[in-house]
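A.B. asks: Given next are the chains, with one letter for each unit.
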Amino acid sequence: MSPAVTSAVVEVKGITKAFPGVLANDDISFDVRPGEVHSLLGENGAGKSTLMGILSGIQTPDSGGILVDGEPVRIDSPRKALDIGIGTVYQHSTLIPALTVLQNLMLGDSGKLLLDAASARARLEEFGALLGVDVDPEARAADLALGRQQQVEIIKALWRGSRLLILDEPTSMLTPQAVDELYTVLARLKADGLATIFITHKLHEAVSLGDRISVLRRGRMVGTLDAAAVSSTPPDKLEEIVIEMMFGSAAADLADVGELRVGLGEAEAVEAHARATKAAVGEPLLELAGVAAPGEGTDPGVADIDLVVHEGEVVGVAGVDGNGQRALAEAISGQRRLTAGEIRLFGAPVDRLNVLKREKLGLRYLTDDRIGEGIVGSLSISLNLFLKRIGQAPYWRYGSIRRGTIDARAEELCEQFDVRAPGVETRAGTLSGGNMQKVLLARELSFGAKVVVFHKPTYGLDLKTTLGVREMIRQMRDGKAALVISTDLDELLEVSDRIVVLSRGRLVGEAEPGPGAAERIGGMMIGDVSLSLAGAGAEGTE
Amino acid sequence: MSTVPGNELLTEVEVPNRAGDRSGAVGKAIDTVIRSLVPVLLALVAGGVLLLILGHNPFAFYSSVWEHGAQNKAWQESAKRMAPLLLIAVGLIIAFRANIWNLGYNGQFLLSAAIISGLAPSLVNDLPLGLAFLILFVVAGLVGAIWTIVPALLKAFYDTNEIITTLMMSFIGVGLAQILIKGPFQDPSVNIAQTKVLELDKMLPHIPGTKVHIGVLVALAAAVVVYFAISRTSFGLKVDVLGANPRAARHVGIQVKQLIITSFFFSGLLIGLAAAADILGVWGYIRANWNPAYGDTVIPFVFLARLNPLVVIPFIAFFAVLSTGGTLATQEVGLPTDFLLVLVALILLFMTVIEFLGRRRSLGQSYLTNGLREALRLPGRKKDGAAAEAGETPKKVAR
Ligand SMILES: Nc1ncnc2c1ncn2[C@@H]1O[C@H](COP(=O)(O)OP(=O)(O)OP(=O)(O)O)[C@@H](O)[C@H]1O
Ligand SMILES: [Mg+2]
Chain L
5 MSPAVTSAVV EVKGITKAFP GVLANDDISF DVRPGEVHSL LGENGAGKST LMGILSGIQT
65 PDSGGILVDG EPVRIDSPRK ALDIGIGTVY QHSTLIPALT VLQNLMLGDS GKLLLDAASA
125 RARLEEFGAL LGVDVDPEAR AADLALGRQQ QVEIIKALWR GSRLLILDEP TSMLTPQAVD
185 ELYTVLARLK ADGLATIFIT HKLHEAVSLG DRISVLRRGR MVGTLDAAAV SSTPPDKLEE
245 IVIEMMFGSA AADLADVGEL RVGLGEAEAV EAHARATKAA VGEPLLELAG VAAPGEGTDP
305 GVADIDLVVH EGEVVGVAGV DGNGQRALAE AISGQRRLTA GEIRLFGAPV DRLNVLKREK
365 LGLRYLTDDR IGEGIVGSLS ISLNLFLKRI GQAPYWRYGS IRRGTIDARA EELCEQFDVR
425 APGVETRAGT LSGGNMQKVL LARELSFGAK VVVFHKPTYG LDLKTTLGVR EMIRQMRDGK
485 AALVISTDLD ELLEVSDRIV VLSRGRLVGE AEPGPGAAER IGGMMIGDVS LSLAGAGAEG
545 TE
Chain P
203 MSTVPGNELL TEVEVPNRAG DRSGAVGKAI DTVIRSLVPV LLALVAGGVL LLILGHNPFA
263 FYSSVWEHGA QNKAWQESAK RMAPLLLIAV GLIIAFRANI WNLGYNGQFL LSAAIISGLA
323 PSLVNDLPLG LAFLILFVVA GLVGAIWTIV PALLKAFYDT NEIITTLMMS FIGVGLAQIL
383 IKGPFQDPSV NIAQTKVLEL DKMLPHIPGT KVHIGVLVAL AAAVVVYFAI SRTSFGLKVD
443 VLGANPRAAR HVGIQVKQLI ITSFFFSGLL IGLAAAADIL GVWGYIRANW NPAYGDTVIP
503 FVFLARLNPL VVIPFIAFFA VLSTGGTLAT QEVGLPTDFL LVLVALILLF MTVIEFLGRR
563 RSLGQSYLTN GLREALRLPG RKKDGAAAEA GETPKKVAR
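The listed protein sequences derive, respectively, from chains L and P. Every number in our numbering is 4 more than the matching position in the first sequence, counting from 1. Every number in our numbering is 202 more than the matching position in the second sequence, counting from 1.
List time: in silico PhoX-like cross-link candidates among lysine-lysine, alpha-carbon distance up to 20 Å:
#1 K459/P / K392/L
#2 K361/L / K459/P
#3 K361/L / K454/L
No wet-lab data here; the hints were simulated from the structure.
Can you make the complete structure from the sequences, with help from the hints?
C.D. replies: Pasting the structure below:
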């Protein structure tokens, strides 16, 4: 082997990990070197998080070994991983919201009896200088923007001295500005000699950030593109190669490989939009008139929302995350009370109808908070598919559940929505993020859905699934209606007939996808919190 | 974004990342056995060691427990003891599954007991016996249920921590029971604070061929009915959703407030029935200073049975034998009967140890539902509870 391999900080050899019914990792070998970013890609459920779980001590492998600096180690607890110097940033924040940044960081010191705030503060300053970010140690974690929270997470992962940083889908919830900031931070860490594993579903990120690129497919390592290959291949070609690796021969079946690239250029998006068959717009199905709903916690409310979604129409709601998206979605679904205004569904007011009654009329809400409120992890996939129709015939009869009927229907749905799981009795909490989303989609889009509110419908989904979901949204034009709330402007440009812009809880403008739409919408979003969120991003350009 | 933090970790814990480590049904069965039986066995062993230290022969002691609790006719005493214990256990199971800590069982039980002890003597004389029992059971159930209403409403509408409210209502209930016994229900013919004693032939009838009253059958039937309700009805599924993920319950359109109130209601109802079975089947009267605190001893077994109303039956049977046989056995060797509570406490202790180890190793599922675990960790801070799952607990930040 070449000398480069021996210099790996962390090397994984022949790791195998089986869960009941799935081989999540099948004889995987893989390594990371100092001062490199190693991108890891793979479909939903390919086994990426499992592999990282093994490196960070959450999972123990069935067989195979881990070498750190060439020495075999056993990583049997998260603490051990930190001791060894492997820090992980999970997809969602793990900070304790009520504690300050400093307190959160000092949790990492809790092995010691006495906590030393002064030295912790100094250390935070050191990290701030290293990463080129400026974090207020006394700010409550809950009050930080997501991008900032993530920076704190990175510092937390590095807190005890780190040689490997694992980032599991770090960009899926971030604004473009925050992503830029993350890039800068990673570049600095790289210059400092840290090894990074970077998991993403976004090809262009993997390609532009990764020194090497590895691809997992169904638990197996498909291959690694080495540094020479990555640097000598043009990005376009590279993306094609990676797609081929990810989906194998199936990639060829996908009509247009170029379209697979999430983050389409605007021209392409416009083209995609034109391609979508635009059915005639019909009756108003969902109407909001002067709607106001309160915020919750740090999540702001909405006010003065006037919005109509017609039959056969897909309306997008653009905006920086945390500008009232959740309040808007929950007001429509019935989870949040209105403080003013009226919502009409099929022409009739629904203010007096609760969540269940609205749902029976055909209104669906695909939540953005899959784990928090979408699924019940301890229940089976079958039951999760039927949580919104508990007690309804033919799935319940004479007050008693008919498991046979439910399982049979659940199997059909899993087939139709391509949920990859050992069986419908699998606990939903064990599914990979993408498969959870497919379960939710199956639940919301079946059983007579007419008006669907999609809230961040594709975050964390792999390319193919993302395309599939967008196709499903476009199909809503066929006699139904959709409201798509997303922070991904490209996505909205691709699927919507119209886009409204939400800023600080109010609708501030509207645009139709077309030439220049992205700039106009971007402009409407500017002048709100996005500026202050992104403020730090500009200065970090080494 | 109040909801995002901690989600990833929530999955980590909620999802049997580790349970999955052992594959197949065999592994699961082993996990269950480890979880359920080991604490009991360890407690018995530790209790034995304690006996040795105190200068008693543990083998003699345990066989004496068995002799007085299960052999010959003694099993009948234990069976009778099972009635209130099982009804309370099943009542607690409903609440706990819904992520509701109904800790007001003592007040619910004693208030029901006092009221029917007061009503029974005249009712059984004025009405046909069967009808009188029916009315008394209904009244007992309703009293227990009504005593949950205040905590239920407070929790449903103001998200008030029910651990505190049920405990407070429990104190009030116990006090009120004493007032009733010393006041309106006082038997004027004695000078101890107690109610009139039911005549033996006016107590619950026995199961033919035994001396076991039919209240035991009521308890067993209740366990079966609740098992059915939990595993097959929509109520049961809603309760489980609420218990596992209250936000999901709201999202899928479950009427959370109503469900909280109903779960509380049935929980209290069953605890009230426990009082009727015990008073009408065994005691026939109540004294003002009587408080058997059945609920306290039942709680560990409810969790050992993982909140399953059928699985809890053998555990309750075990404890019934231990408590009836143990009472005599301790007297025999001159130990205070509190030694039995020590055994219960040891079971709890070993459960805690296994729960703790279970989080680090593959020891199957937790005894608690997620919701309950979080409620315990951070009382009153449900929203951020998930975050507390982060490897370290917030307590460690000494401030
Ligand atoms: N604790 C578990 N119990 C059972 N199965 C599990 C568990 N964790 C993961 N799996 C299964 O292992 C497979 C790999 O999951 P993993 O989370 O590693 O995928 P992933 O590549 O991270 O996917 P995604 O991109 O959707 O996050 C999936 O089929 C998943 O259902
Ligand atoms: Mg993953």
